[in-house]
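> Following the hints, complete the assembly by docking chain B onto the known chain A.
Top to bottom, those sequences are chains A and B. Each number in my numbering comes from the position in the first sequence (counting from 1) with 20 added on. Each number in my numbering comes from the position in the second sequence (counting from 1) with 426 added on.
No lab work stands behind these hints, which were simulated from the structure alone. Certain hints may be false.
A few chain B residues that don't get close to chain A, going by computed Cβ distances all over 12 Å [unchecked claim]:
| id | residue |
| --- | --- |
| 1 | G442 |
| 2 | G468 |
| 3 | Q476 |
| 4 | E478 |
| 5 | S492 |
| 6 | T527 |
| 7 | Q530 |
| 8 | G535 |
Covered stretches of chain A, as calculated for chain B (at least 3 residues, CB under 8 Å) [claimed, not checked]:
| id | segment |
| --- | --- |
| 9 | 55-69 |
| 10 | 88-96 |
Quick list of the computed label-pair ranges, beta carbon to beta carbon [stated by the list, open to error]:
| id | chain 1 | residue 1 | chain 2 | residue 2 | range |
| --- | --- | --- | --- | --- | --- |
| 11 | A | R97 | B | K440 | 45 to 51 Å |
| 12 | B | N433 | A | S34 | 38 to 44 Å |
| 13 | B | H436 | A | E40 | 33 to 39 Å |
| 14 | B | S492 | A | G73 | 37 to 43 Å |
Note that the Cβ used here is the ideal one computed from N, Cα and C, for glycine as well.
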Amino acid sequence: AQSVTQPDIHITVSEGASLELRCNYSYGATPYLFWYVQSPGQGLQLLLKYFSGDTLVQGIKGFEAEFKRSQSSFNLRKPSVHWSDAAEYFCAAEGGGADGLTFGKGTHLIIQP
Amino acid sequence: DTGVSQNPRHKITKRGQNVTFRCDPISEHNRLYWYRQTLGQGPEFLTYFQNEAQLEKSRLLSDRFSAERPKGSFSTLEIQRTEQGDSAMYLCASSSGQSSTDTQYFGPGTRLTVL
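Chain A on its own, in the form it takes in the complex (with noise of 0.2 Å):
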């Protein structure tokens, strides 16, 4: 079956240091892979998304994520955190035939001041 995992529930970091959100995915060829934030309140806001080219796909609020089709992931990283960057974040992915996204389970983000 088609899947997203998202091995950390929880992650803390330190305000201003680096951060890497890990993403792998199961599916029969490589899908589209999306990350989403979530706030409290807010909708799933798009972090970014690849669907083909370059592996290393720039998005908003500074993030940045790599494809890596060897490891079957899709990690997000973005070099200095700011505490409003604390949220729910969702890696996704699309393809298989099917329409609709497959979410993760979500990786709490905690920032330490």
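Using the frame of chain A, we list chain B on its own:
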């Protein structure tokens, strides 16, 4: 363009009652999606529309659930004979439907609590 809107934002109901949620997509977006998100989980796909046609349904969409998009604009999701297990955030998303690489834009969701 005000984005995807959903009403109501919160709904509390008693078990066995029927509830209906509304989603207004971004203007001129042809595709409209419904997802359900339970606590501590990522959103799960329920169904989607291309204009007024409902093209795909997840196995999560039991026969107590029905979705419509009668004029290809707004959509409604009705849950009949609600159960406590239906308590969740119901999310709506829309996309232009012009290519396979469209982005889905999400609304703020309707939080349903079944007592």
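> Now, for every hint given, state plainly whether the structure supports it.
Hints, one by one, checked against the model:
The beta carbon of G442/B is kept farther than 12 Å from every beta carbon of chain A, the shortest such distance being approximately 29 Å. Distance check on G468/B: its Cβ comes as close as 3 Å (rounded) to a Cβ of chain A, failing to clear the 12 Å threshold; non-interface status is violated. Listed as a non-interface residue, Q476/B fails to keep its Cβ farther than 12 Å from every Cβ of chain A; the least gap is roughly 9 Å. Once the 12 Å rule is applied to beta carbons, E478/B is consistent with being away from chain A; the minimum gap is 16 Å.
For S492/B, the shortest C-beta to C-beta distance to chain A comes to about 17 Å, beyond the 12 Å cut-off, and the non-interface label holds. Separation of T527/B from chain A is inadequate, the least Cβ-Cβ distance of about 5 Å not exceeding the 12 Å criterion. For Q530/B, the non-interface assignment is contradicted: its Cβ lies about 6 Å from the closest Cβ of chain A, within the 12 Å cut-off. A beta-carbon of chain A is positioned within 12 Å of the beta-carbon of G535/B; the least distance is around 6 Å.
Counting residues of the segment 55-69 of chain A whose beta carbon lies closer than 8 Å to any beta carbon of chain B gives 8, which meets the minimum of three for the stated coverage. Residues of the segment 88-96 of chain A with a Cβ under 8 Å from some Cβ of chain B number 0, which does not satisfy the need for three, so the listed coverage is violated. Remark: the range hint 45 to 51 Å for R97/A to K440/B is upheld by a beta-carbon distance near 46 Å. In this structure, N433/B and S34/A meet the distance hint of 38 to 44 Å, their C-beta atoms being roughly 40 Å apart.
Against the hinted window of 33 to 39 Å, the Cβ-Cβ separation of H436/B and E40/A comes to about 35 Å, which satisfies the hint. In this structure the supplied range 37 to 43 Å holds for S492/B paired with G73/A, their Cβ-Cβ distance being about 40 Å.
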